[in-house]
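Q: Please model the complete structure; the sequences and the hints are all you need to start from.
Residue strings, one per chain:
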Amino acid sequence: MPELERALVTLGQNLDYPATPNLSGAVARQLAEGHRPSRPLLRRRSLVVALAILAVAAGAAMAVPQARSTILEWFGVGGVTIRYVEELPEVPKASSELDLGDRVSLAEARRRADYDVLFPELEGLDRPRIYFRDPPAGGMVSYVYGSEAAPKLLIQQFAAGGVLKKLVAGATEVDFVSTRTGSGVWLRGQPHDLFFLDASGEDQYQAGRLVGNALVIEGRGVTYRIEADIERGEALRIAESLR
Amino acid sequence: MVGRPLSEAELVERAKHGDQDAYGELVHAYQGIAFRTAYLLTGNGADAEDAAQDAFVKAFYALSRFRAGAELRPWLLQIVANEARNRRRSAGRRVNLALRVEADPLSGGAAPSPEVNLLAGERQSALLAAVNALPEEQQQVVACRYLLELTEEETAVTLGLRRGTVKSRLSRGLARLREQLEVSDA
Numbered sequence: 001m002p003e004l005e006r007a008l009v010t011l012g013q014n015l016d017y018p019a020t021p022n023l024s025g026a027v028a029r030q031l032a033e034g035h036r037p038s039r040p041l042l043r044r045r046s047l048v049v050a051l052a053i054l055a056v057a058a059g060a061a062m063a064v065p066q067a068r069s070t071i072l073e074w075f076g077v078g079g080v081t082i083r084y085v086e087e088l089p090e091v092p093k094a095s096s097e098l099d100l101g102d103r104v105s106l107a108e109a110r111r112r113a114d115y116d117v118l119f120p121e122l123e124g125l126d127r128p129r130i131y132f133r134d135p136p137a138g139g140m141v142s143y144v145y146g147s148e149a150a151p152k153l154l155i156q157q158f159a160a161g162g163v164l165k166k167l168v169a170g171a172t173e174v175d176f177v178s179t180r181t182g183s184g185v186w187l188r189g190q191p192h193d194l195f196f197l198d199a200s201g202e203d204q205y206q207a208g209r210l211v212g213n214a215l216v217i218e219g220r221g222v223t224y225r226i227e228a229d230i231e232r233g234e235a236l237r238i239a240e241s242l243r
Numbered sequence: 001m002v003g004r005p006l007s008e009a010e011l012v013e014r015a016k017h018g019d020q021d022a023y024g025e026l027v028h029a030y031q032g033i034a035f036r037t038a039y040l041l042t043g044n045g046a047d048a049e050d051a052a053q054d055a056f057v058k059a060f061y062a063l064s065r066f067r068a069g070a071e072l073r074p075w076l077l078q079i080v081a082n083e084a085r086n087r088r089r090s091a092g093r094r095v096n097l098a099l100r101v102e103a104d105p106l107s108g109g110a111a112p113s114p115e116v117n118l119l120a121g122e123r124q125s126a127l128l129a130a131v132n133a134l135p136e137e138q139q140q141v142v143a144c145r146y147l148l149e150l151t152e153e154e155t156a157v158t159l160g161l162r163r164g165t166v167k168s169r170l171s172r173g174l175a176r177l178r179e180q181l182e183v184s185d186a
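Residue numbers (the working numbering), protein chains in the order written: chain L, 1 to 243; chain F, 1 to 186.
In case anyone wonders, no lab produced these hints; they're calculated from the structure.
A virtual CB, placed ideally from N, CA and C, is assigned to each residue, including glycine.
A few of these clues could be false.
Unchecked claim - Derived Cβ-Cβ restraints for the label pairs, each shown as a range:
hint	chain 1	residue 1	chain 2	residue 2	range
1	F	His17	L	Leu122	55 to 63 Å
2	F	Lys16	L	Asn22	18 to 26 Å
3	F	Asn86	L	Arg6	30 to 38 Å
A: Set out below in structure tokens:
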């Protein structure tokens, strides 16, 4: 082992760790009391409702040939499931509350991400604030436009392992779309939440962010989410401009 | 008559069927490495204890998803790491590790002179400062691979990364450490 690596191993042996607590006793007590760790509220609450409505929605869509081919593609290839739920939780609005990670330059984001980071090259868009977060595995890059207190447009990209589940509130309209960046859905009307398996197969969850309208597309193993108070055509133009 | 101790695989199998005593033995065996992993990822003893404890409880209920024949240690550490990183993100702090005050930086052999000890101690302090200054994703792979002495594969599983990503982050992290140490030596 080279010198630096040996020095790091020695360093690890000399670190000032606090004394290891008696975890086995504490864990045994929790298990004996039947304590189960808390999971995201949305995931528990929505499961039954979501599955029931999914069956109805999928059945109705299968009756239309065009919709059937699109949905089969999503279910079979993209691995996408859309689930309707009755209600979504409140989400923070200010970008400082969005848990987007470190503020970085575009070059730094491209260096740190494990996939090709795209950037929207659409005339009229200001320079965004750029953030990088890991996890999800492979990293998530976010572009935030507008003021810190009230961001107007959020574009995010992250490596997704192919299984993507979206939870949308009941009033949301869902259209399937296709762009040069990938295929996806346009969600309009109510916020949505997103579950996906990241590049390492780890379950990840993200709440809806800004306003109801969002374009979520998946291409070459990367998921892109564009959220803003804009209409479908504008969102698609932004997606098409990703280079 | 005293029976032979149960193997890890047997303990896992019993725990899968709800045997909390068997699971307690597994927790006891891995609580040290779990706590140290959580500490390196949170930088805080209380958060590390909470993270490791919650992780062991979650792991018990998730045991049905543990594949027979797989390595238990990285599977457990992955759950610990997830809990730890969630807490670190919530707290929004950087990890700032410290050396033991009484640390003997040289191990084995005859007792070194005070001057040699001082020099080695200064080198360790410089190396630790460089580790503390690494970008988060490089710091985490360096911590798992070298400070905790996990294998490359275990590091990948623990941090939920592909093995190639671990290699590239280690390579970038080590290069950065070398640069930092050259600066501090100059």
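Q: All hints, please: hold or fail.
A: Now for the hints, and whether the structure bears them out:
no. : hint                             : in the structure
1   : His17/F <-> Leu122/L: 55 to 63 Å : holds (58 Å)
2   : Lys16/F <-> Asn22/L: 18 to 26 Å  : holds (24 Å)
3   : Asn86/F <-> Arg6/L: 30 to 38 Å   : holds (33 Å)
Against the hints set out earlier in the document, no violation occurs for any number.
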